[in-house]
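Engineer: So you can see what is in the structure, the chains are spelled out below.
Number of protein chains: 2
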Amino acid sequence: MKKCVVLLSGGLDSTTVLFWARKRYGDVRALTFDYGQRHRLEVRMARRTAGRLGVDLSVLRVDLAAVGGSALTDPAIAVPRHKGIPRLKNGPPPTYVPFRNGVFLALAAAWAEARGITDIVCGFNVIDSPDYPDTRRAFVRAMSRAINTGTRAAYGPPRMRIIAPFLTMKKSEIIRLGLSLGADYSATSTCYAGGKKPCGKCSACLLRARAFREAGLRDPLLRKFRRKERR
Amino acid sequence: MKKCVVLLSGGLDSTTVLFWARKRYGDVRALTFDYGQRHRLEVRMARRTAGRLGVDLSVLRVDLAAVGGSALTDPAIAVPRHKGIPRLKNGPPPTYVPFRNGVFLALAAAWAEARGITDIVCGFNVIDSPDYPDTRRAFVRAMSRAINTGTRAAYGPPRMRIIAPFLTMKKSEIIRLGLSLGADYSATSTCYAGGKKPCGKCSACLLRARAFREAGLRDPLLRKFRRKERR
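The listed protein sequences correspond, in order, to chains A and B. Our numbering applies: residue 14 is where the first sequence begins, and numbers increase by one. Our numbering applies: residue 14 is where the second sequence begins, and numbers increase by one.
Incorrect hints may appear among the rest.
Since copy identity is lost for identical chains, a pair holds within one copy or between any two.
Stated by the list, open to error - Heads up, simulated DSBU-like pairs for lysine-lysine below, C-alpha to C-alpha not over 30 Å straight-line: (1) K102 / K15; (2) K102 / K16; (3) K183 / K210; (4) K209 / K241; (5) K237 / K96.
What the hints contain is simulated information worked out from the structure, not anything from laboratory work.
Could you put the whole structure together from the sequences, leaning on the hints where they help?
Structural biologist: Dropping the structure here:
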């Protein structure tokens, strides 16, 4: 039986990739990280999605709040609020968490190695948010090489693989794919601000809203809150 | 002023590389990991050495006990006791911690990036213990590439560097170098078993003993315990 571990943050992309992986692997485990994030709600969403699917979820703790340097881990750095999707700058935004996916992939590799699992599946995508260096193909390739030289894979097959099927997909395409696979996006968390209700002003909320618009769909998460407010 | 961060485990090699770095950098910080290791004594040793030198030490927590797969993090896996230095096998020993240095370097890169530090200094060496894949040059090179593609270094200089000056040195040479720089090896912890007194039977104790023998020196850590026992 083919095994894999899915990096499940509880956001839209990783929730979709979990559904994607269930079609391709007989044994799917999920891993999420409790890293001192402002938007810890995503851990709850990861638990909910994994629970509904009967997927075994492990939560690993790693103290990125002590690392700091990001609006998502340091309460003293504000999450920027925008009117429209912010333009690219020549460097990552304040919501970039230093080398977060490097840390997550390293931990996932360690976890997978300890369990004889070779495939690490993640929902990275760069089309809609290219300003996060630790989601790009060059990084994924280099990290894959680091894992294959620094684990028991260095002794010979089987090799470990980082599988990122959404790298070149638009977020609207990811949403359409997810819906076709049965994903429930009302049980995801995207907002950087960390509240239950999406703030609608952070770059993550804005990118999600644009993706649903492009897909010609309504975001079930927003509908849930609108229904609540009408009550 | 040139800055660096030293990975200080509290063992012999990393203690030496801290002294090495102090000769070369004007601003030296140290980072150690509280990762659920059996031999947590090394965190205390790292504190002691950093404290004596007035080096700022940060302790990062990461739960490698939940990752498991090693005698150093899983109490159910025994640390092997040997009569002599064990022969190499075609794979890592039970005391190998899955991709530990991958996790540590990823966290160090994140920490350094958040502080504008480019140089990560570590005491990896492979001559005396070649059966740990995550200390080899191929891994260090690949990890360096992953860091430079997955952090803000991807946007342009300055590049980040992993500096491992002891990669091709014998442990006996490392000891001689450390002593010439003033290192106090009585404030280091090497034993895998985790007790205050070195067990003398684990591979780490045996390699350390051989290195002191080859250097024609007595291990001050053992002398300390012998003195205690005579009292």
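Engineer: Taking 30 Å as the upper bound on the Cα-Cα distance, should K209 and K241 be classified as within, between, both, or neither?
Structural biologist: Only inside one copy: K209 and K241 sit 12 Å apart there, 59 Å across copies, limit 30 Å.
Engineer: Are the CA atoms of K102 and K15 at most 30 Å apart within a copy, between copies, both, or neither?
Structural biologist: between (41 Å within a copy, 28 Å between copies)
Engineer: Classify it for me, K102 with K16: is the Cα-Cα distance of at most 30 Å met within a copy, between copies, both or neither?
Structural biologist: between (39 Å within a copy, 27 Å between copies)
Engineer: Please work out whether the CA atoms of K183 and K210 approach to 30 Å or closer within one copy, between two copies, in both situations, or in neither?
Structural biologist: within (24 Å within a copy, 58 Å between copies)
Engineer: Check K237 against K96 for me: Cα-Cα at most 30 Å, and say if that holds within a copy, between copies, both or neither.
Structural biologist: Close inside one copy (23 Å), not across copies (66 Å); limit 30 Å.
Going down the numbered hints, you'll see the structure goes against none, and every one checks out.
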